[in-house]
Amino acid sequence: MTEHTAERPSSDNDDFDAIVVGAGPAGSAAALELARAGRSVLLIERGPFPGSKNMYGGVIYGRILDTLVPQWWTEAPIQRWVTRRQTMMMTGEQALTVDYRTEAWGRPPYNGATAYRPDFDSWLADKAVEEGATLVCSTTVTGLLTDSGRVVGVSTDRPDGDVRARVVIAADGVNSFLAKEAGLYGEVDPANYTVGVKETIALPRSVIDERFAVRGDHGVDIEIIGCTGDVPGGGFLYTNSDTIAVGLVLSLPALAAGGRRPEELLAELKLHPAIAPLVEGGEVKEYSAHVIPEAGYDMMPELVGDGIVVAGDAAAMCLAAGLWLEGVNFAIGSGAAAGRACHGALRKGDTSAVGLGDYRRRLESSFVLKDHRKLREAPHLVMGELAQQKLPAMACGVAEDMFTVTNPEPKAGLMRIVRRQMRTNGVKLRSVVGDTWRALRAFG
Amino acid sequence: MNPPTSTDPGCVAACVKWVDLSPETDPTSGLPVPSAHSWGFSEADRSAVEVALRLADDRGTDAVVVCVGPPDAQWALGELAAAGAARAVLVTSGNPGDTRGGASSGETARILADILGPVGLDADTVVCGDISLDRGSGSVPALLAHHLELPQALGLISVDLGDRPRIGGATRDATTTLMGVRRLDGARRERVGIPARAVMSVEGAVAPLRRAPLGRAVEARRRVQRESSPRRPEPVRPARILQWRPPPRSLPAPEGTDAFERVVSLTGALEERTPPRVVELAPPQAAAEILRQLHRWGYLTDAGAAGAEATAAKATGSEPTDPVTAEPRP
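These protein sequences, in sequence, are chains A and B.
For the first sequence, position 131 matches number 130 in numbering that gives the first Met the number 0, and the numbering has no gaps at all.
For the second sequence, position 249 matches number 248 in numbering that gives the first Met the number 0, and the numbering has no gaps at all.
Certain hints may be false.
Said to hold, decoys possible - Here are a few chain A residues that face chain B, going by a calculated C-beta distance under 10 Å:
no.	residue
1	51
2	134
3	136
4	241
To be verified - Across the chosen pairs, the derived CB separations fall in these ranges:
no.	chain 1	residue 1	chain 2	residue 2	range
5	A	356	B	121	30 to 38 Å
6	B	28	A	98	29 to 37 Å
7	A	73	B	242	49 to 57 Å
8	B	121	A	187	56 to 64 Å
9	A	255	B	56	19 to 27 Å
Derived by calculation from the structure, the hints in this document are not laboratory data.
Note that beta-carbon positions come from the ideal geometry of N, C-alpha and C, so glycine has one too.
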C-alpha cells in the first residue's frame, strides 16, 4: 500500500477536499479519480467492508474499467466470464429460451463477468486507497452539515462524528437519504422502485459446468420474463465458480397490493420445470434483498447541489430496460464522472451547483445518460401487461403449437397458430402494433 | 526485530488474535472456504481492549494493543486501537509466505513477552481475550504470564472496573488492585483478587468495546506500528523415532506331543485364571473398589490404599475398610 500522499485541503475549515459516502462501485470510482488527481478524499462505508451486502443483478460489464484500471481483468476478483447469454420467456410449465454464446466474450478484453460484490467492491475500494483515499468502514452517515444551504460536510454515527469537506459525493445507494436531505429528490413514487431478492446456491463446480454446458471460467447469465405471476417483474440466474444465484425483481406496489411475498415467488421459480433441474441438490448459502431504482431516467434527481453531487444508484443510474439489465457499469461510470467533475470544481475553487455542473455535462456526453435517455420508455414497456404476461404466454404457445405433431391432422400454418394464440391470450392486434412501435422507438 | 520504544512505564496492554470469525466449509467438498472478509478480532479480544482502556483510564496511563499476525490484520488492528489506545503494534512473521501469522501458542507468547517485557513496552497489566475462536486452547495468556513472570487470572467473566454491575459481589479490597470473577466447573464461580501487575484473560461479555471517534477511525491505519518477528529458525528435525521393538530372544519350544497340546501350551488357553468380575456400585463405592483392586495389583502401597479408603469412606459416610479384605477396619 502506498502512503497517503494527497495534498491537504486548501481551506483550513475543511478536513478533506471531498467526502464520498458509500464505498460501492460509484463511490470507489469517484474516490479513485479524486485521489488519483491528488485530492484528499474520505471514503465512508456503512458496512464492515466495501460490498458487504452481496446484492446485485449478476453481471459486471467491465468496459468502463478500461480507463480506470488498465488491464483490470488480470487482477479483478472475477468468478466467471459470461459467454452464454439467455433470454427466457416462461409460463407456469412452459419456457422458450433464446440462447446466445460466443467464445469472444471469454477472452480479453472480455465483455461481462459475474463476481461476488464483497470481493469486487473491496478490490475497487482498495484501488482508491492505494491512490491515497482514506477509507473508513462501519460508519453510517446520518446527515449533511450545511452552512447557509450549502453542503459543507457530513455527520456520522461515531463519537465526534462530524467531518467537513469542500464537496460531498452521495453514492449512498438507492433511496439516498443524503440526496433527499439536500432537496435533490422530488416526490418519491414507489412505482418507480422494484425489490430484488436473490438466493446464492452452492453447487460443485463440475456440476455447474455440466448443467450449464460451460467449461473453465466461462459462465451463463439467464434473464427471465413471465416468471412472476401477476406481479410485474423478471427473474435472473447466473453462475459463479461454485455457486449459482437465482433471483427475482418485483414491482413494489404490485407486491404490496397482491399480498404476495417475494420468497414465495422465488420458491415458485425454483420449482419451475425449466429451473428446478438447474438448482437441484444445491445448498442455499445466502438470501438477500435490495430495492432497485427501476424507472431510470424518469426518476433521476437533480444531480448536483451546492457542495454535493449524487452518483450511482443514489441517482437512479441503474439501467433496467428489459434486454439490458446493467447497474455496476453505470455506477462506475457516474462515479468516475463525479470524481472528475469534483476535481475540476475544486481546482476552480467553485463547488457550488454551478461549479459542479460539469458533472451533468460529463454524464450527458457519456453512455450513462445517453443510454438512459434513449431507453427511458423501456422500463414502462417491460413492466407492462403485454411484456409481462401476454407476450411470454403467446410466444410459448406458438412454439408449442409449432412443434407439437398432430398427425393425422396436417400442420397448421404459422399465421393460423399466431392468430389462435392471440385469441387465447387476449392479445389485440392493435395493442401488438402499438407496443411494437413503442418498443422500436424505445430500443431504437 | 527492533524493540519498540517504551511509552510511559506501566502501560496496560491488550493482546488480540487475528482469526477467522465465521469459518465456512464447502458443503460439497468439506474443505474450508477461504474468505478475506470473515477475518477479524473476536468479541473476547474486543472486550480485552475495552478492559485495557478502562484500566489505563483508571490509572492514568496508556493502553497499547498488540497482535501477532499477518499484514492483513493491520487495518482491523488500527480500527480496534482507534477506540482509545495510544498505539497498536502488529508483529508480523519474519517468514516469507506466512500470510496468516501461523505462530504456535508458545511462539506467540514468546514474541508477545519480548514486546511487552521490561525491554519493550514494560506493560504492568496484560489483558487477553479468552479462548480464541480458531480452536484455540487459551494457553497464550498462561504462557505469557510465565515468560513475564507475572501472576495470572484467566477466563474472567467479570472484572471490577468501577462503572459496571459487579457479578458475584466482586469488589476491591486492600490487598488487590482489581477483583475479578471467573468460571469454574459445575456452574460455580470464583472470586479472584488481581494484583496491579498481572496477566488476565476475559470473556467477550465482560466489557463491550466502545465505538471509536471518527477522527481516530480515519487515522486508524496509520496508527499501527509494524514490527517483524525474528525470522524463525529452520525447524529442528527431531531424530527419527521408531516404534520400540524388543530384541529377539530364544524361547523354549512349547511342550506337547501333538499340535493341539502345543497350541494350548503357547496360548495358555486352559490354564486356571482369575475370571473377570463385574460389579455394579454407586460411584463412591465404585471408586473405593477401584482403589482396592489397584492395591491388590500392587499399584498402591498399603499406606496409600489406607488413605484412599479413608477418603472414600468419608465420601460415602461408611466405616473405613481394609483395602485387601474390604472388611471394616478395627
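Could you tell me which of the hints above the structure violates, numbers in ascending order?
-> Going through the list in order, the structure violates hints 5, 9 and respects the others.
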